[in-house]
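**Student:** Just so you know, the sequences run in chain order A and B.
Following the working numbering, the residues of the first sequence are numbered contiguously, the last one being 351.
Following the working numbering, the residues of the second sequence are numbered contiguously, the last one being 1264.
Source of the hints: derived by calculation from the structure; they are not laboratory data.
Please note: incorrect hints may appear among the correct ones.
Said to hold, decoys possible - No more than 30 Å apart at the CA atoms, straight line, and that leaves these computed lysine-lysine pairs for DSSO-like:
#1 B:Lys-1037 x B:Lys-487
#2 A:Lys-114 x B:Lys-600
#3 B:Lys-1196 x B:Lys-904
#4 B:Lys-1063 x B:Lys-1041
#5 A:Lys-93 x B:Lys-600
#6 B:Lys-926 x A:Lys-257
#7 A:Lys-127 x B:Lys-600
#8 B:Lys-1260 x B:Lys-1250
#9 B:Lys-600 x A:Lys-96
#10 A:Lys-108 x A:Lys-93
#11 A:Lys-108 x A:Lys-96
Claimed, not checked - Using C-beta positions, here's what the derived DEER-type ranges look like:
#12 A:Lys-224 x B:Met-673: 42 to 48 Å
#13 B:Ala-626 x A:Glu-238: 38 to 44 Å
#14 A:Gly-317 x B:Leu-1182: 31 to 37 Å
#15 A:Asp-328 x B:Gln-1256: 15 to 21 Å
#16 B:Asp-544 x A:Gly-235: 43 to 49 Å
#17 B:Lys-1260 x A:Asp-328: 22 to 28 Å
#18 B:Thr-569 x A:Ala-319: 52 to 58 Å
#19 A:Ala-319 x B:Asp-502: 57 to 63 Å
#20 B:Glu-604 x A:Asp-324: 33 to 39 Å
#21 A:Gly-235 x B:Asp-609: 32 to 38 Å
#22 A:Gly-332 x B:Thr-569: 35 to 41 Å
#23 A:Asp-321 x B:Asp-517: 32 to 38 Å
Backbone N, C-alpha and C fix where the C-beta goes; we use that ideal spot for every residue, glycine too.
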Amino acid sequence: MYVTKYVKAKDAKDAAAQLKAAGEGKLLAGGMTLIPTLKQRLAAADHLVDLAGAGLSGISDEGSSIRIGAMTRHVEVETSDLVKKALPALAALAGGIGDRQVRNCGTIGGSVANNDPAACYPSAVLGLGATIHTSKRDIAAGDYFTGMFETALDEDEVITAISFPKPRKAGYAKFPNPASRYAMVGVFVAETDDGIHVAVTGAGQNGVFRHSALEAALDRDFSARAVDGVAIDDSDLMSDIHAGADYRAHLIAEMTRRAVSAC
Amino acid sequence: MPEGITNQGIGASVRRKEDKRFLTGRGRYTDDISRAGQLYAHFVRSDVAHAKIKSVDTANATAMEGVHAVYTGDDIAADNVGSLINGWSVNNRDGSAMTEPPHPVLAQGKVRYVGDHVAMVVAETLDIAKSAAELVQVDYEELAAVVDLDQAAGGAQIHDDLPGNTYFDWELGDEAATSTALENAHTIVSATLRNNRLVPNAMEPRAAVAEYDHIDDSFVLYSTTQNPHLLRLVICAFVLGIPESKMQIVAPDVGGGFGSKIYLYAEEACCTWAARKLRRPVKWTADRTQAFLSDAHGRDHINRVQMGLDKSGKIIGLRVDTLANLGGYLSAFSVATPTYLHGTLLSGCYDIPAIYTNVKGMATTTAPVDAYRGAGRPEATYILERTMDIAARQIGMDPAEFRRLNFIPKTAFPYQTAVALQYDTGDYEPSLDKALAMIDYKGFANRRAEAAKRGKYRGIGISSYIEACGIAPSAVVGALGGRVGLYESAVVRVDPTGTVSVFTGTHSHGQGHDTTFAQIVAEKLGVSIDAVEIVHGDTNRIQFGMGTYGSRSLAVGGTAISKALDKVIEKGKIIAAHMMEASDADLEFKDGKFIVAGTDREKSFGEIALSAYVPHNFPHDRLEPGLEETAFYDPLNFTYPAGTHICEVEIDPATGVTQIVDWAACDDFGNLINPMIVEGQVHGGIALGVGLGLVVVAVFVVFGLLLSASFLVYCMPRADNLPSIKLDYTVTACTHNDLGVKGCGEAGAIASPPAVINAIVDALSVVGVTDMSMPATPQKVWRAIQAATKTAAE
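Build out the structure end to end from the sequences listed, making use of the hints.
**Tutor:** Here it is as structure tokens:
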């Protein structure tokens, strides 16, 4: 690890200010991606701004939505009675991230800010039409994800919470990468007030995306069977030693069927 | 059985003595050891696969505060540091000697794989060493990488003296007889197989702490080695020119080796060399990335097979042509592994009158490849057991019955194979029958039909294996080109209070020797295993020994202990005879007591131990004080564990995912000392083989970068890849060692890969798939189903 200065943020505004003041600052949430990256010298930060004491953790029922603080750990989402009742698909998704150690440290805000193209949470954020609350503003999910590891966040902007509208029904199915156990393909399906959403993670060259053809098919007939006739274009899908674009395209259809069945 | 010492002897599943410290995080590993004034080493590794080194600029790195030295190949050359060695030489088919290019500890003018050592930085802290390493400027003239094994002979020449990138072109068996057999065969079975490359990934990465004492010009090297004395011999005699008596190697707790920690590596040699130059202890610990790049990899063969059958289905000839990828340099046993540890196993459990094999050992610009758990024998077993299934399918015979037809009959032992080995004993049908019963082979058709109703393809695969282990005997090894002897040594030291220390030349890095060996002592001397200390891993405490690999520790090392214990008992009898004024010949040793036969006069083992060291009235002309005995044991033959593993799978055609739903293994390891430890070894071996069958492969991209150089990409088998395993045994005791034991460390790894693939091919046969390579990843299985379905539709 390169030499870095560790500082604690009092709250989100303080974190944003410290980040702005630093040369090459990084926010430290659960650290499940950042710390290994720093240890391997794949990233350098002259300041690490720790959000652990910034009061950004907790889950609350806001009526039509569930609000989850940015520093809420995966295990808290997985085991929350509120989430399990209103958003069981999200609780199940959180319970399938990484391993027990990762779920006890990793946070929803950290995951969504990093926007790893194979992370699970982005599919739920996009699939449920969530709102990302930051130290500056509210960002709609559709405007937030801008590419692989890219988001609409400014350099000195800190996620404070994410609000998930309660869907009529929702389901998530993930085909894990055999090595990393990240999503090789993950599909989040939801029937929301805005219609059917199908959000795909792990597969797109530009990160998470919605699949309009699958949404149209499920809109006509919300069943696993309805997926059969949908052609999945593989031209913008990732290809690696575990899965070529053709196989990922196939898995998008299959995971959509399983997500629908899980609803 | 009541609590007591009698349930701690041979055959008892006592809990492992060493597990308390391992399970509570109190193992003492090399990286836990730090010495006063210690510096830290970090290596600048090549990031290109094949290149000439035009220059290495170390000025900025050397100038960094806290850096003590930056060494390059020039410094090594100036000090005449020797090359890492090849421990086994073979001859080419034409009788000429193989080519052994040098393997310098820091690159000399050229790099030959990504991860090759170019420079060494030694600094006050590891962070400083790493930062300084980033400032070392290496100017490369890049050459073409050689990655594709099939094309290696025509690739860019990697070593000046190695045209065609061929280290050796070796053969075994009777080519003419085999050709005749194949010409006369009723059926010819052909297959091209691939033994996939793996990365060892022991839980503990390699590490070294080297210390130099300038007052008496001596060294201590703490190392993660499987064989401290071999390491000492090689580093002293071949690399650094140090008297062996001035070098102490300590291998404390070692977290797994699997073969990859047999060899002396460049890093240990460099740390030792630098410790003398700097007169400071030097420590190096590999991180996981360095382990991926620079540990000797395993397997990586292409095998072309032809098997000839007569009209009845009997095998009459077998020819195997193999390309073995040995990487950019020869690692110590890289030559032995695909030749004498591989070609000699091609007869398997079968009576095959004519066998011929040709193996070409190829250089590529990839990390060196060497022995890995099973070492040559898993590759041979994969070849044979895949071909057995293909053959059975081709002639329409049940694969179990096809094997049975070709087994060496029980009455044929000792059996001389067509590939040099002579099997002393074995009985293969009972293992097959037991395994068939355990998995309910007869009920498989119903299970397949039931799975089909659920939309799943169910398949069953058999693997009947044999292995040659307990490596030894020295005479055979020497005759075949081995540059070491392969005996084992033991000292049994009885203390005055009756506790027993056993000094063994083997080394435990997870195998449970502290327990298994103590059980042999408990059985023989009638003492509790708690009174027994097994000492290994320190060349200053232990007589010369050969270490642990090739499932040899019990069969060779355990037998040495047994022989030393016999000598202790004989000495004890003489002491007891003296004390009880009886004749030596009248003394018996039974249940921990020395008894004058036919009388009630007896002395306990403890009394004899005490009097051995308090010899107030010993007749010194015929009885020495003390109770300590040494044995060096060199066996007459290898041991030949064998058995049958059967794997049952279910494949989900919607995703291509293979789930192993059942596994039955019936092994013959001869006598078992601790069945629970044996079970653990078999479980681990099967997990490894299942990994190879389903998920493991080291992938190099065309320009020579190891793509799968982290656990994010490289897949290890996991608990959810495995079913609950059914184990049972048959026992034919080894005929040529005192304990009748054969060894069990590698059997699971040897048997399992073909069982997995045979089961998968069987499952997919319903849609017309006839072949599958390792690893059978979900994508590969899915694509095979797609292709077969498409072909069927056309």
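**Student:** Now look at each hint and say whether the structure bears it out.
**Tutor:** Evaluation of the provided hints:
{"no.": "1", "hint": "B:Lys-1037 x B:Lys-487", "verdict": "holds, 26 Å"}
{"no.": "2", "hint": "A:Lys-114 x B:Lys-600", "verdict": "holds, 22 Å"}
{"no.": "3", "hint": "B:Lys-1196 x B:Lys-904", "verdict": "holds, 11 Å"}
{"no.": "4", "hint": "B:Lys-1063 x B:Lys-1041", "verdict": "holds, 13 Å"}
{"no.": "5", "hint": "A:Lys-93 x B:Lys-600", "verdict": "holds, 19 Å"}
{"no.": "6", "hint": "B:Lys-926 x A:Lys-257", "verdict": "holds, 29 Å"}
{"no.": "7", "hint": "A:Lys-127 x B:Lys-600", "verdict": "holds, 11 Å"}
{"no.": "8", "hint": "B:Lys-1260 x B:Lys-1250", "verdict": "holds, 15 Å"}
{"no.": "9", "hint": "B:Lys-600 x A:Lys-96", "verdict": "holds, 28 Å"}
{"no.": "10", "hint": "A:Lys-108 x A:Lys-93", "verdict": "holds, 14 Å"}
{"no.": "11", "hint": "A:Lys-108 x A:Lys-96", "verdict": "holds, 14 Å"}
{"no.": "12", "hint": "A:Lys-224 x B:Met-673: 42 to 48 Å", "verdict": "holds, 46 Å"}
{"no.": "13", "hint": "B:Ala-626 x A:Glu-238: 38 to 44 Å", "verdict": "holds, 40 Å"}
{"no.": "14", "hint": "A:Gly-317 x B:Leu-1182: 31 to 37 Å", "verdict": "holds, 36 Å"}
{"no.": "15", "hint": "A:Asp-328 x B:Gln-1256: 15 to 21 Å", "verdict": "holds, 19 Å"}
{"no.": "16", "hint": "B:Asp-544 x A:Gly-235: 43 to 49 Å", "verdict": "holds, 47 Å"}
{"no.": "17", "hint": "B:Lys-1260 x A:Asp-328: 22 to 28 Å", "verdict": "holds, 24 Å"}
{"no.": "18", "hint": "B:Thr-569 x A:Ala-319: 52 to 58 Å", "verdict": "holds, 56 Å"}
{"no.": "19", "hint": "A:Ala-319 x B:Asp-502: 57 to 63 Å", "verdict": "holds, 58 Å"}
{"no.": "20", "hint": "B:Glu-604 x A:Asp-324: 33 to 39 Å", "verdict": "holds, 36 Å"}
{"no.": "21", "hint": "A:Gly-235 x B:Asp-609: 32 to 38 Å", "verdict": "holds, 36 Å"}
{"no.": "22", "hint": "A:Gly-332 x B:Thr-569: 35 to 41 Å", "verdict": "holds, 40 Å"}
{"no.": "23", "hint": "A:Asp-321 x B:Asp-517: 32 to 38 Å", "verdict": "holds, 37 Å"}
In summary, this structure violates none of the numbered hints.
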